[in-house]
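J.: Given the coordinates of chain A, assemble chains B and C onto it according to the supplied hints.
Protein chains in written order, with this note's numbering: chain A, 1 to 266; chain B, 1 to 420; chain C, 1 to 349.
Check each hint, because a few of them may be wrong.
Heads up, simulated DSS-like pairs for lysine-lysine below, C-alpha to C-alpha not over 30 Å straight-line [said to hold, decoys possible]:
#1 B/K259 with C/K346
#2 B/K197 with C/K161
#3 A/K118 with A/K6
#4 A/K237 with B/K383
#5 B/K347 with C/K346
#6 B/K197 with C/K280
#7 B/K383 with A/K99
#8 B/K38 with A/K76
#9 B/K197 with C/K155
#10 B/K347 with B/K146
#11 B/K15 with B/K38
No wet-lab data here; the hints were simulated from the structure.
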Amino acid sequence: MANKAKITAGIDIGSVATKCVLVKEARVIASNLGKTGFDVEKSTIDIFYDTLKKAKISKSKIGTVVSTGYGRRTFKEADRTITEVSAAGYGAYILTGRKNCLVIDVGGQDTKIININKTGRITDFLMNDKCAAGTGRFLELMVDVLETDLEGLSNLALKSRKPVTINSTCSVFAESEAVSLIAHSVKREDIAAGLFDAIATRINNMIKQAHSSNPIVFSGGGAKSSALKKSLERITKREITILDNPQFVAAYGAALLDSGSLPRTS
Amino acid sequence: MPIRKDQLMKEVYLKAIRTNLMHLDMPRISDMAEEVKKYMEHSPLKNSHFFYEIILNSNHRHSKKGFKKPVVGYFCNLIPEEIIYAAGCLPVRLCSQNDTYAKIGEEFFPADMCPVIKSACGAISTRHYENIDFVIVPAACDGKTKLAEMLVPFKEIYFLDLPKDSDYLKSAGIWTGEYAKFLGFIKNRYDRRITRKDLIDACTLTNRRTNIFREIYEFRALHPGIINAFDYFTMTSTSFISDAGFWSEHSEKLYDEAKKLSSHNHSDFKGKRILLSGSSIIFPNYKVLDVLDELGCDIGGDTQCSAYGRLYDPVEIDEETEEGILRALSLKYVAASMCPCFLGIDKFIDRILDLIETYKFDGVIYNNLRLCQVFEIQGSLLKHVLREKEIPFLFIKTDLGKEDTGQLKTRIEAFLEILK
Amino acid sequence: MRFRRISIVRRIAQVIFLILIIYGGYLFKANIETVKSDVSQAKPKTFFPVLKAPKGSLSAGQFKKGDILWPSGDTPVFENFPPSLICRFNPKGGMFKACIVHLVSENLTWRTNIKYLLPHISLFILLCFLLGRMWCGWVCPIGSMGDFLSWVRRKMDVPVKRFSALMHNILRSSSYGLMASTFFISGFIGIPNFTRFQCYWFLPYCQVCPARLLCPLFGFISPTWKDFSTAVSTMFSILAWLSLGVFIVAFYWGRRLWCYLCPIGLMNSWFNKGAGLELKKVALKCNKCGSCSDACPMGLSEMYEADKDTIYNNEYCIMCIRCVDICPRDNCLSVNFFGKRIIASKYQK
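Chain A with its partners taken away, still in its complex shape (with noise of 0.2 Å):
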């Protein structure tokens, strides 16, 4: 089609999965998800171009290509790179319709609160420090555990009355702490709870280090799990929104910041 309005394309390349959006005039027009995998260079142009076909789109129509992520560096048809703070932010706050609020991105191997004010500006994020314990990744360890997958692990702990307390920060030691509950014949939807809490705790002491009375909006793979909105509305006493497709927010927000500029004034 002979469209005058720009395509822009954002890829975000996460350590697990990498997502793909082409934005039109602000909106979505196509998406796409695959594995990253061990040959990121590889992949993330596969599921480019597998974007690219499933839109029915040619690269020629492509405007800006902004990549961000953990693997952003090395996606070489790349125009920008921009990073996952900047991205997961930009496209929360155009998400939410241009309001405030503050951003809990729950990734596979990193969590980011991110603080939005009114304008779009990020006054303050934090990540999670050398320790995955509060991150997807622990989802991953217990799903083993408790021999189901993660959307039954989220059926699991919506079940549940009453959730266990898990004591280990760590996750290999917390994965240990449930081997040893189930063997005590500890309702296996209460263990599942007790998980999803253990992280919404950890999630929880970065809220409350930012400080922050905006409203949470919730994004990241992370966020497609209801239970885990649950836990975290249970333990920060605050109202959580889940974002729309939250996995892709982050690409979303990429493609938006094609043109360079990033909210800065107040």
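T.: Frame of chain A; chains B and C shown alone:
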């Protein structure tokens, strides 16, 4: 001869500790030649090579036999170098941030400790510090206080006690008294007469260093991109181990060269200018500098105790009596100290706000060495103040090792994207 | 040692004023006969009206030579015009200028018509309003001589003694006492029934002032060291020695401790608040080194303590500006004249 009437540790305990540590491997040298060469090539100024060469030679310098003056080691910025110069000795600051030495230090002292302390322990145990006559340890933070006992099996220690409240009105008398005791001690040890003139000459020597440093600091803040951060911190790191006159001479040459360079190509430096604060930066712990350089920033200013905090304040002698000179020295070192081990965070926060106001930096990055409690607390208090004043602030916590360079880069890059 | 720019100027000023004060009269030599004839013609040659000692009051003849500075033997000296007030007078009567305490004290006794005093007093008030207590730091001969004593101490490597606020307050209260008693006595002996006491009690403060004993020495004249002729004069002699002793001790060990006691300083100090000259601190630039407080000869520490931008016009401050001179931080302390900055602290190499 005993340093104090009551030695820091009983002879029988010292023996026990030494015996226990005898099983250590042969002391390893930390070879920094590769890194020195890397930064030397990176520098646009020829006169910076002098400073890099000092670092290359420093491993061998102190163990050179026949080095004519006695070498006196010390820690922190609280010891009056002028007294040591006046006594005809060479003062050498032993604070180091060398990962190799830190790993050696971990072998015989706790690992969950300030990296500077570990590095110092590791370094002193190597034979390259044999030439040091004795070491002065001030009662600064807890780590430094206990460092006196950790080092006493290796070297003779003089402990300088200081009160925690660095309020001049309360404590100036105590500081002067401590410095007077130290003066008496060093006179006795080297059997020398130290006259007022000797002291005043030594003050003139260190003030020469202050003069050139202030010019360089201002120059760097106003003309970014000419004296890069590596050269700057190498200069300040070498001021630890080189004679003040020598150092000043070469710094003046470097400054002249930088001025010429700046007038020839009016560099339009487009990157961000950052104020770097927090724990000191000493060669070779340049990880943060590497990341900032890669991201195109210039460190326009700093408040590190290894750079600004050490060299910016002069000795202002009001009275030329001996007591007056000692008092003036204590005002320079202790009263004006921004070290968080003392009470008095106002000085530090004032300094940050003043530097930002004067030089209009884009943001503040506070670099905290992991496990340093006092700096971390200071950083969090600073964060609250800067947040209220809407000055961009980033707190990073890191170690001497290079494993977390990637994480650091992401955080700093995200911070730079936020800056106006 | 590095020379500091403001302190050099101040020392030079102190020396010049000391010379002017002590020997300046030579410049304005005039003959008593000329003055008398001027007075009789009611056409004074000089600007200020003649102040005449009233009939029956104490006159010069009863003072001994060298009591108040009298540089040359017979030729009377007419001091003249300002900077301000000079502790000398012509004992034979006639026009004179005197230090403010002397002026007030003498004319309280003589009950001089206020219109003759107005020029002197207005000048005093004007200068104090403009410059605050700058007289004490830059002009006062007692201060200059005392600073010399301090220099001697430094050369002898004797450390300075820093006094507490309690001592300062005690001295301050004593100075109020001194001033009050001086003026009371002066006023009292002017009452017609009590004029017979004038020969003992005239100029009570001046009789004990250390300048009386020290300044004549510059003219190689010996002042009246002791007078045991009457009980009152014995008392004044002893008090004068005591005063000299306090002067020496205070200046030698305490830098400007005397200035807390001095009644001249007291009268000047009333004008510090609201004066044109004032000190200002920009708190953000301060590094809390305390050098300003150390350098202060009056031992004041308010400059150091101030943690927000302050205008400083403490009544004890003698405007010596050593604090601004020594401060190592550019533009932290400054001297302002009616709000306009004159000079600011700057690191000098």
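J.: Hint by hint, note whether the structure agrees.
T.: We went through each hint and held it up to the structure:
no.: 1; hint: B/K259 with C/K346; result: 22 Å, holds
no.: 2; hint: B/K197 with C/K161; result: 22 Å, holds
no.: 3; hint: A/K118 with A/K6; result: 27 Å, holds
no.: 4; hint: A/K237 with B/K383; result: 26 Å, holds
no.: 5; hint: B/K347 with C/K346; result: 19 Å, holds
no.: 6; hint: B/K197 with C/K280; result: 34 Å, violated
no.: 7; hint: B/K383 with A/K99; result: 25 Å, holds
no.: 8; hint: B/K38 with A/K76; result: 28 Å, holds
no.: 9; hint: B/K197 with C/K155; result: 12 Å, holds
no.: 10; hint: B/K347 with B/K146; result: 26 Å, holds
no.: 11; hint: B/K15 with B/K38; result: 43 Å, violated
The structure shown violates the earlier hints numbered 6, 11.
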